[in-house]
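Taken in order, the sequence shown gives residues 622 to 757; the numbers are from my numbering.
Think of the hints as simulated: they come from the structure by calculation, not from any bench. Some hints here could point you the wrong way.
[To be verified] Between beta-carbon pairs, the in silico distance windows are:
| id | residue 1 | residue 2 | range |
| --- | --- | --- | --- |
| 1 | G694 | N657 | 17 to 25 Å |
| 2 | A698 | F653 | 38 to 46 Å |
| 3 | E651 | E709 | 24 to 32 Å |
| 4 | T648 | S700 | 16 to 24 Å |
Just so you know, even glycine gets a beta-carbon here, dropped at the ideal spot from N, CA and C.
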Amino acid sequence: MASSIFINLPVHDLDRSKEFYRRLGFTINEQFTDENASCVVLREDSIFVMLLTRPFFGTFTHKEVADTDRTAGVINALSMDSREEVDELADRAMAAGAKPSKQSPEIESMHGRTFQDPDGNLWEVFWMDPAAMQGE
Numbered sequence: 622m623a624s625s626i627f628i629n630l631p632v633h634d635l636d637r638s639k640e641f642y643r644r645l646g647f648t649i650n651e652q653f654t655d656e657n658a659s660c661v662v663l664r665e666d667s668i669f670v671m672l673l674t675r676p677f678f679g680t681f682t683h684k685e686v687a688d689t690d691r692t693a694g695v696i697n698a699l700s701m702d703s704r705e706e707v708d709e710l711a712d713r714a715m716a717a718g719a720k721p722s723k724q725s726p727e728i729e730s731m732h733g734r735t736f737q738d739p740d741g742n743l744w745e746v747f748w749m750d751p752a753a754m755q756g757e
């Protein structure tokens, strides 16, 4: 069974991307950071984002690296503990240079916001009412 998740994202400018994720409140694990890659800690010991320069990202696949400014292949979704945490993180992202993306429809038991990081990678932060998830 998986115990942690590493999301690998291609980036144009590693320093700019590291600063963006720092401004969102995440930390950088310097042990796994060099001139080609940087490890962003989203949730301690469980969720990490590996920011990889586009040439370095290309060494892990035989496929062409996606042009995330033009196409979408994945939407990375991160659950939060409250509606307020969703808005706080999304607001920090916008202040740090994110672009808004297509908004999720608002329903009573769920609240979400979407954005693109400076490299066009898509993110959704969301909250789901625990009572609604249990069918209460």
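Comparing the hints with the structure gives:
| no. | hint | in the structure |
| --- | --- | --- |
| 1 | G694 x N657: 17 to 25 Å | 21 Å, holds |
| 2 | A698 x F653: 38 to 46 Å | 23 Å, violated |
| 3 | E651 x E709: 24 to 32 Å | 26 Å, holds |
| 4 | T648 x S700: 16 to 24 Å | 19 Å, holds |
This entry does not satisfy hint 2, going by the numbered hints stated previously; all others are met.
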